[in-house]
Amino acid sequence: MKRLLSVLSAALVLCTLFTVTVNAVSYAPYNSYEYNEFDEAVDAPVGYAVTKVINTASLKLEKQIDSPQDIVVKNGKIYLLDSGNSRILVLNESFELISVLENFTISKSLASKKGVALTDGFVSFAGAEGIAIGDNGEVYIADTLNNRVLCADGKLEIKNVILRPDDRLNDTDASFSPGAVEVDDKGWIYVASKTISLGVMVFDEQGEFRQFFGANTILSATEAIVKFFREAFLSVTQLDYVEQKTPVTIQKMDFDDKGFLYTVSPYDDWHVKATESGLIKKLNFEGKDILDSEIVFGDVELGEEKTWFCDVDVDDNGFVNMMDNARGRIFQYLDDGTLISVFGTLGDQVGCFSYAEAVESIGDTVLAVDSVKNCIFVFTPTEYGKAVRNAVLLMENNDLEGSKAIWNGLLEQNSNSQLYYKGLGRIADYGGDYKTAMKYYKLAYAQDEYALAFKQQRQLFVEKNIVWILIVLVTALAGVALLIRFVKRRSVAAEGAYSKMEQKYTIEFYALFHPLDAFSQFKLRNIASVGLSAIIVAVWFFAKIFEYGCTGFAFDINREADFSLFTTVLVTVGLFVIFVASNWAFCTLIDGKGTLKDIIATTAYSLIPYITTRIIAVILTNVLVPSESVFIEIVTAIGILWSFTVLLLGMLSIHEFSVSKTVFSLLFTLLGMVIILFLGVLIFSLIRQIANFVLSVYKEVIFRM
Amino acid sequence: MRCSVKFIKLLCAVISCLLICSAFSVSADKPAASVDEADAGYTLVSENDALAFYADYKTGGFYLLNKADGKKWYSTPENPDEDTISKGKLKLQTQSELVVEYLAVKDENVNSSTQKGNTFIDARQNGKISVSNIDNGIKVVYEFTRLGFVIPVTYTLKNDYLEAAVLASQLDEGENNYLVSVDLLPYFGAATPKDKGYLFVPDGCGAIARFNNNAAPSEDYKKTVYGDDMGYVSEGRKAKNENILFPVFGTVYDSGSALMGIITEGDAGAAISVKTGSSQTYFNTVNSQMTYRIYSTGESFYENDRTKTISTITHTPFGTERYAVRYYPLCGQDADYNGMARLYRNYLITEKGLAKNPKEPALAVDVYGAVKTKANFLGISYYKNRVLTDFDAATKIAEELKNAGIDHLAMRYIGWQNDGVFNVKIAKNAKPMKILGGKKDFLKLRDDMAKYGFEFYPTADLFTYQKSGNGVSLRRDSAKAPNGDIAEQNQYSIVTFEPMKNLKPRALITPDKLLKVTGRYLKNYKKLGIDSISLSEAGDCLYSDFSKKSGVYRAKSEEYVEQMLKSVKTDVSCVAISGGNGYAVPYASRITELPVSSSGYDIFEYDVPFAQTVLHGYLPYTTPYVRQSSGVTEMFLKAVETGSDLTFSCVGDDTYPLSQTRLSGLYSSEFSLWKDTAAKLYEKYSRLGELVFDSEIVKHTCISRDLVKVVYSNRVTVYVNYSNKAVTVDGITVNAMDYYVAQPK
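Sequences listed follow chains A and B, in order. The first sequence begins at 161 in my numbering and counts up one residue at a time. The second sequence begins at 33 in my numbering and counts up one residue at a time.
Calculated from the structure, these hints are not laboratory results. Remember, it's a predicted structure, so these values are computed and weren't measured experimentally. We treat Cβ as the ideally placed atom computed from N, Cα and C, and that holds for glycine. Treat the hints with caution; some may be incorrect.
[Stated by the list, open to error] Partial pick of chain A residues on the chain B-facing surface, computed with a CB cut under 10 Å:
#  : residue
1  : TYR187
2  : TYR190
3  : SER192
4  : PRO205
5  : GLU461
6  : ASN485
7  : ARG487
8  : GLN509
9  : SER514
10 : THR542
11 : GLU543
12 : GLY545
13 : ASN558
14 : ASP722
15 : SER724
[To be verified] Simulated DEER-style distance windows between Cβ atoms:
#  : chain 1 : residue 1 : chain 2 : residue 2 : range
16 : A       : LEU620    : B       : ASP424    : 35 to 41 Å
17 : B       : ALA407    : A       : VAL690    : 29 to 35 Å
18 : A       : TYR515    : B       : ALA482    : 41 to 47 Å
19 : B       : LEU535    : A       : GLU465    : 44 to 50 Å
20 : B       : ALA407    : A       : ILE776    : 26 to 32 Å
21 : B       : GLN202    : A       : LEU305    : 57 to 63 Å
22 : B       : ASP424    : A       : PHE726    : 26 to 32 Å
23 : B       : SER144    : A       : LYS273    : 56 to 62 Å
24 : B       : GLU432    : A       : GLY419    : 54 to 60 Å
25 : B       : ILE518    : A       : GLN619    : 43 to 49 Å
26 : A       : LEU620    : B       : TYR415    : 39 to 45 Å
27 : B       : TYR415    : A       : VAL819    : 51 to 57 Å
28 : B       : ALA482    : A       : PHE726    : 22 to 28 Å
29 : B       : ILE412    : A       : THR635    : 35 to 41 Å
[Claimed, not checked] Far from chain B by the CB rule (all over 10 Å, computed), these chain A residues:
#  : residue
30 : GLY287
31 : GLU465
32 : THR505
33 : ALA657
34 : PHE739
35 : ILE798
Isolated chain A (complex conformation) (with noise of 0.2 Å):
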């Protein structure tokens, strides 16, 4: 008897577990991954995967859910706004069903009084977007189709309707909509109405219009001028015709546990051609955003789809799930724009969204919302997802020594990532180790970490070898005071006879200090050398690439796979072509009396101080951080003034102008150079569409055969 009940409930047991329709558990049918200091994407491991399906079948409902909308976790239990039937399902933690929140009753005086209609004796909300629960089980009904926001108590009665505050919106004729509701410790609700972009609108607990909050900004600046322009140039009837813009819509909202509100607004405007920050906010108190406004959240490598944020959620320990519509993704921020991961795509397989619709967590599971699919998606971290935010939160809390081990582990299972670099990185900084925070902190691209470890590392350099550093920085200054003297001596030059220092190949140096009468002797002595120009051009070609590839790394990061010989060539030779031609253009015009190779000759000669500060300028990189800047750029223009000034003398000198016509000449060579430019690019364009207007024919033709 006792074998056959344990039979029996055995097969019981089997009977529950296989009419649970939930599907497999460890594919996961994305790619994952992270962003690097150069916005491109790199592979990582999953962090998030599905772990449960909950639909219908699983929570052996009758009726279908239809086009479930939103989605609450409060006290332990999860709040499935089933909004196409007009109900509420309750879950428990471990995901099963404990009540459904339909046929919500309304006093009679009440519903006269706010016109609110009865189907079969009950309250309808279907088309509801959203709903809040209070502390003590209240729930609030975002009813969307309806206009208004019901507030019930925990025994399903109507307590109160919120209607269109008309004496607030003397301005707009927009309709209530609420899209979104949510409920503070103080009982004020914070309703965001899809159509009224003054802001999520604040009512208190009796349902009375206290204030709007949170708006979002009308105009950007450069949207401003734009407008400006068009109201100054555009007759009126043309202004109608023009887009009339309003601040985007508060769409979702979620309170973190300290009380500030997160906010997320759509897109307004189908242009916007890149990601941008401001679309989810952290609103404090006053209503400020209190993110930092550099944050771009979402996907900043772009195809034809861009993010479109239509919810956020803040788990327990202060990670953002952020959920993007338009991909099917949700990404897991810090709020300092730390991603910790990004999962989900479009698809019919599990863990790949329909319409994704609403994001919730609790703990560290993430419930996501299909709301075609009317199912919810429970993500849950995976082993590595686990060890990534445990890694974090110690580095929050600064627990350094025992979150050491949790990154090394982080990166035996991910290697290509920078933020396991940088927290190895700032584990040995903390540790005094700052070489091996440096390195670190190179292989994670972490500028400013880099720049202070490497000072940290250069004070004990400099502690350490003062003397040398003395004997070395002694024997520059006096080379230079040898060199400076040997250059004067050699200048110096015999009655009527020119010195060593105004030959053909040396006069370049002497030009620098005596401009005017160097660059007079060209027509006198046919000294300008072509083909020393060229090696100054030359030069400066590679001091562009040094400049590149050895400025230090706390200045600037430079890979090397990114360099483009293209703009390096255009940067220097092409910029100097393109300036000769233009000055020998217009200065012939204007009877100047330098030949083509006077122009290049005094252009390349007057490069020399400003290529040398170049160069020592990248050295300084080497040895100063960012702070200190001020001295590179001190010597950078030291450079370009003395270039600048010989330029504009062997001008005046060998055109024979007056100092008003060489300024003159020199700021229409500008122009000049802007017209090359343009011109080349014109044609450039114009090659392109020719080709692409052969590449078409060529396929047409290819396929027509």
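With chain A's structure known, arrange chain B on it following the hints.
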């Protein structure tokens, strides 16, 4: 010699006499009884000991009687009227033996989509169905008068199956429409909402879709057998997918009967589609589909500065001469996915020559040699080879693993020759890369591997290339897409799913050059004196060349790949292939990266290791990379469940700079990072593997979603618990995220 010929002749005569006698005796005994039992309108066509085949000569409908359990399998649902969901054309479609997809000739090269027709409306009602007898079966000619198609199909009863074959070579398309595809017997064995059971889908390792699961996906499951045709698929996938490896499918009723289909001819041009019951679909069906022409939409020429989307169709039919599917009714013990796996294994053994060649449990290591990275010298950027693991390092890795207690190692060496991991020119020479240590170090590695008794598979890619050279031109000899362009194989961005611009697309060699390239390469390879090779792409890369003049379609490509493998086997005795498409499996001595899960579609309830059940005890196979999976423990348990050797991707050097190359997905492959984990896991795995490596999997059961039980032919039983709680089953407690091996006493 002569004597023996005579003897054989005699033997044949005797056997045929016996056969005829027995046939007569069968037909003499039974038909009267069977005809009596036949449903109204149906007449007995043919029968044997196991099955009887009845057909309706007016409609072309039929049913198959399984004598063992008396189950009748109808070609279309018995009671089509009970379908309360479908309406109009779709409802009538449920009474069709064929559903055709076609494109009107006038719709070619404009942006238009295909239409559907079916035998009930277009042949039975508005056309003609003629049925004639053939040996052991019938030939049905469906005339779709309105569309102009004439499609002959034969249904033949064989020993234990019914073969349905579309005679594609005798098919007439008419003039107004292009036939794109034919769904063969889409409702054969269809289950209603009243039935309990599941559909078996060979997606990835295999998956189960329960009847009436109400999933209602936005698009029905339909997938090409053996993966996408890379000749025309040029879009990045938004979701990761596993391929269909074996051309099989099945319907299983919990009541103990099942119907299994094996596509035996035209499998390379087949697709499998699955529908489960929901509020939008009444019947639960799984069926196969023959491709007749390739219809594709693609961006073509520029028009007004934008690319224009048009639909194109191939002008020569796909090349399948006969599309044949065998339907096996199963019952009792065999009526589940385990039985289907056994049946398919027997099919591979008897008809494809799969041999039993098990190997002791091994640790699989994929060593990466060198890869091209962008570099620049004095401002001139170029691609240079970056060493990931040189031969010396690989030798040391093998030695260290040996010392760590790993007795069996299967090392694939990827990117050891010519241009590194990715071919620049097509492979011709088998020259160990200088940068990795040259031939001398390579031979040392070879000798050491032999000394330790390790399997060593240098990997050669004979399919892809980026530049003309070695006698193969990029333009002339590459496979083309339907629009005439080179069928470019791009690497796609994991964020935008668009082709990555900074990585050059790769081309595929046209399949009819494959044999030549292989022969040439192998001559050079043999000189290295290694008796094993890994030809990954031979197992997972099947494509058409849509060149207008010299097109080679997948059906033909499959033959070329088989010939290629056959020729390789004459020179090298051990061949490792990747993924394991059905046609390549009989030639393989090891299958790498065999999926251990399905793609996890919404319609699936759980995964079953069908592929592994087919292969276990016959061939060694390995898991996907452990390090790049979503969890090491989970992957280990999957390996235990499926009997797969664990695979680690291996790089001797530190991997950080890999993030800028094509191999950026290989994070954490550094040998030192995983050596200890691997040794530990191998030690555990091999203890089980030693017990079962040469046994077959007899029964795999999902006791619950997180608990599976695998019974081997030597009665060793393995329980694997994927949940976070300990579970007691059959009196055995299995710890959380752990497994238990029960040995027969």
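Comparing the hints with the structure gives:
Below 10 Å, beta-carbon pairs count as interface contacts, and A/TYR187 has one with chain B at about 4 Å; its hint therefore holds. The interface hint given for A/TYR190 holds, since its Cβ lies 6 Å from the closest Cβ of chain B, which is under the 10 Å cut-off. Evaluation of the A/SER192 hint against chain B yields a held restraint, the C-beta minimum of about 8 Å falling below 10 Å. The beta carbon of A/PRO205 comes within 7 Å of a beta carbon in chain B, closer than 10 Å, and the hint placing it at the interface holds.
With a cut of 10 Å, the hint placing A/GLU461 at the interface with chain B holds, because the nearest CB-to-CB distance is about 4 Å. With 10 Å as the threshold, the beta carbon of A/ASN485 stays out of range of chain B, its nearest partner Cβ sitting at about 14 Å, so the hint is violated. At a threshold of 10 Å, the smallest CB-CB gap from A/ARG487 to chain B is about 8 Å, leaving the interface hint in force. This hint holds: A/GLN509 has a C-beta 5 Å from the nearest C-beta of chain B, less than the 10 Å allowed.
The closest approach between the C-beta of A/SER514 and any C-beta of chain B is roughly 6 Å, which is under the 10 Å cut-off, so the hint is satisfied. For A/THR542, the suggested interface contact is upheld, since its CB lies about 5 Å from the closest CB of chain B, less than 10 Å. With 10 Å as the threshold, the beta carbon of A/GLU543 comes within range of chain B, its nearest partner Cβ sitting at about 5 Å, so the hint holds. Given hint, A/GLY545 at the interface with chain B, holds; its Cβ is 9 Å from that chain's nearest Cβ, closer than 10 Å.
Because the smallest distance between the Cβ of A/ASN558 and any Cβ of chain B comes to about 26 Å, over 10 Å, the interface hint for this residue is violated. The interface hint given for A/ASP722 is met, as the beta carbon of that residue sits about 9 Å from the closest beta carbon of chain B, less than 10 Å. For A/SER724, the shortest C-beta to C-beta distance to chain B is roughly 8 Å, which falls under 10 Å, so the interface hint holds. Between A/LEU620 and B/ASP424 the C-beta distance comes to about 38 Å, which sits within the given range of 35 to 41 Å.
The supplied range of 29 to 35 Å is met by B/ALA407 and A/VAL690, whose beta-carbon atoms lie about 34 Å from each other. The hinted window of 41 to 47 Å between A/TYR515 and B/ALA482 is violated, with their beta carbons roughly 58 Å apart. Judged by the Cβ atoms, the range 44 to 50 Å given for B/LEU535 and A/GLU465 is violated: they are separated by roughly 22 Å. Hint check: B/ALA407 to A/ILE776, Cβ distance near 28 Å, so the stated range 26 to 32 Å holds.
Our hint of 57 to 63 Å for B/GLN202 and A/LEU305 holds, since their Cβ atoms are close to 60 Å apart. Taking the beta carbon of each, B/ASP424 and A/PHE726 are about 40 Å apart, not inside 26 to 32 Å as hinted. Between B/SER144 and A/LYS273, the C-beta spacing of about 58 Å keeps the proposed range 56 to 62 Å intact. Between B/GLU432 and A/GLY419 the C-beta distance comes to about 56 Å, which sits within the given range of 54 to 60 Å.
Distance hint for B/ILE518 and A/GLN619: a CB-CB separation of about 59 Å, inconsistent with the stated range 43 to 49 Å. Under the hint 39 to 45 Å, the C-beta atoms of A/LEU620 and B/TYR415, about 40 Å apart, fit the expected range. The hint said 51 to 57 Å for the Cβ distance between B/TYR415 and A/VAL819, and at roughly 54 Å that hint holds. As the Cβ distance of B/ALA482 to A/PHE726 is approximately 51 Å, the hint placing it in 22 to 28 Å is violated.
For B/ILE412 and A/THR635, the Cβ-Cβ distance of about 37 Å falls inside the hinted range of 35 to 41 Å, so the restraint holds. Interface exclusion of A/GLY287 from chain B stands, the closest Cβ pair being 20 Å apart, more than 10 Å. For A/GLU465, the condition that its CB be more than 10 Å from all CB atoms of chain B is violated, with the nearest at approximately 8 Å. Separation of A/THR505 from chain B is inadequate, the least Cβ-Cβ distance of about 5 Å not exceeding the 10 Å criterion.
The claim that A/ALA657 lies off the interface holds: its Cβ sits roughly 42 Å from the closest Cβ of chain B, which is beyond the 10 Å cut-off. Look at A/PHE739: its CB is around 21 Å from the nearest CB on chain B, clear of 10 Å, so calling it non-interface holds up. Chain B leaves A/ILE798 outside its interface by the beta-carbon criterion, the shortest separation being 27 Å against a cut-off of 10 Å.
In the structure shown, a violation is registered for the earlier hints numbered 6, 13, 18, 19, 22, 25, 28, 31, 32, in ascending order.
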